[in-house]
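First residue of the sequence shown? That's 1 in UniProt numbering, and the numbers climb one at a time after it.
Mixed in with the good hints, there may be bad ones.
[Claimed, not checked] Straight-line alpha carbon distances no greater than 30 Å define the calculated DSSO-like cross-link-like pairs of lysine-lysine that follow: (1) K177 / K165; (2) K100 / K198; (3) K210 / K110; (4) K272 / K177; (5) K165 / K198; (6) K100 / K177; (7) K198 / K177; (8) K110 / K19; (9) K272 / K198; (10) K19 / K165; (11) K165 / K110; (12) K110 / K100; (13) K100 / K19; (14) K177 / K210.
Hints listed in this document are in silico derivations from the structure and should not be mistaken for laboratory results.
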Amino acid sequence: MELHRQSCPAGTTYASPNKFTIRSEPVPLANRPSQAALPPGVRFAGGWSLTSPHAEFGGLSGVELLPDGRLLTVSDVGAFIWIGMANGAPDGTGEISYMKGPNGQILRGKRDGDSEGLALADGLAFVSFERRHRVAAFDLETCGASARAAPFTELPSELSGIRIKENSGAEALSAGKVMIAGYEQLIDGYSPLVSVSKGGSSTELLAPAKRDYNGPLVGMTNTIMLGDAATAGSVVYSLRRSYNPVFGNRLTVEAAYEDAGGASRRALFELKPPMNVDNFEGITAETLSDGTHRLWLVSDNNFSDQQRTLLFAFDLIGEAH
């Protein structure tokens with residue numbers, strides 16, 4: 001409750017985010033069916049290119065699914081952006097609000113406002129930031145655009161004796177039994193994960209689930225429970241991205257499972273040219289009515305005319321999850 005109070009102090013008036021229009025154009029996974037092959041159990045469920053007349057629509061990194069079906073994203077200009085959804089597709093509506101610091105003033109500049117990872121937990125939106133490596137919580141439900149950043153934790157700027165680059169910090173954020181911040185910067189080929197709980201923090205270096213799934217970690221879903229309480233199984237999906245100026249972006253998705261028998265990890269699928277890929281950074285998961293897991297991926301266009309804001313959906317069927 002303390003984070004709620006800090007983010008939405010007594011007497012704070014709820015403020016609605018500003019509404020704007022989002023245009024969406026369908027995008028196939030690849031321009032030719034022969035180029036769109038996915039492993040068994042993975043199905044492309046839809047893709048869209050998103051644009052808007054709003055000058056600060058773009059730079060999307062973290063993404064989460066809200067209970068009302070909308071997508072909540074964070075932009076690396078220090079803003080929350082809501083994407084309206086209907087029947088599993090963008091509905092043309094959007095909202096934006098700019099993040100405020102603990103003092104109630106808008107976060108300005110990359111040093112304070114470079115928001116990257118997003119995780120919803122306990123009625124709060126937890127956001128990880130690069131440059132000033134940290135995680136803050138926002139009570140959007142109670143205060144909307146008036147919500148302030150409630151400091152949750154500072155994140156290490158040095159790991160294993162190596163300085164973390166300003167722009168290679170906690171791109172990924174995952175809520176579960178603990179809050180896990182995943183760093184983009186690789187250390188000897190491993191991805192640093194910082195786990196934060198009431199008892200303190202710990203760090204581990206995570207190897208890729210498969211040798212050629214070795215890109216930097218850029219996104220993680222929250223922990224998703226599998227089965228009933230008796231089995232107590234769970235899964236976290238992760239997104240890795242690598243870029244080569246000759247071959248372009250290459251994305252890989254992997255799954256980390258945990259149950260009474262222990263922990264395991266599995267490589268699921270990859271996306272690369274000639275598929276219609278871009279700078280994907282955000283990933284979240286939706287459990288459909290039949291138990292299928294739908295993964296939503298969003299790309300960061302860096303506010304560049306050479307890149308696109310893409311929203312892709314993939315269904316994991318049967319043994320795929």
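Going through the hints against the structure:
{"no.": "1", "hint": "K177 / K165", "result": "holds (28 Å)"}
{"no.": "2", "hint": "K100 / K198", "result": "holds (25 Å)"}
{"no.": "3", "hint": "K210 / K110", "result": "violated (34 Å)"}
{"no.": "4", "hint": "K272 / K177", "result": "violated (33 Å)"}
{"no.": "5", "hint": "K165 / K198", "result": "holds (27 Å)"}
{"no.": "6", "hint": "K100 / K177", "result": "holds (27 Å)"}
{"no.": "7", "hint": "K198 / K177", "result": "holds (11 Å)"}
{"no.": "8", "hint": "K110 / K19", "result": "holds (24 Å)"}
{"no.": "9", "hint": "K272 / K198", "result": "violated (40 Å)"}
{"no.": "10", "hint": "K19 / K165", "result": "violated (35 Å)"}
{"no.": "11", "hint": "K165 / K110", "result": "holds (14 Å)"}
{"no.": "12", "hint": "K110 / K100", "result": "holds (14 Å)"}
{"no.": "13", "hint": "K100 / K19", "result": "holds (18 Å)"}
{"no.": "14", "hint": "K177 / K210", "result": "holds (26 Å)"}
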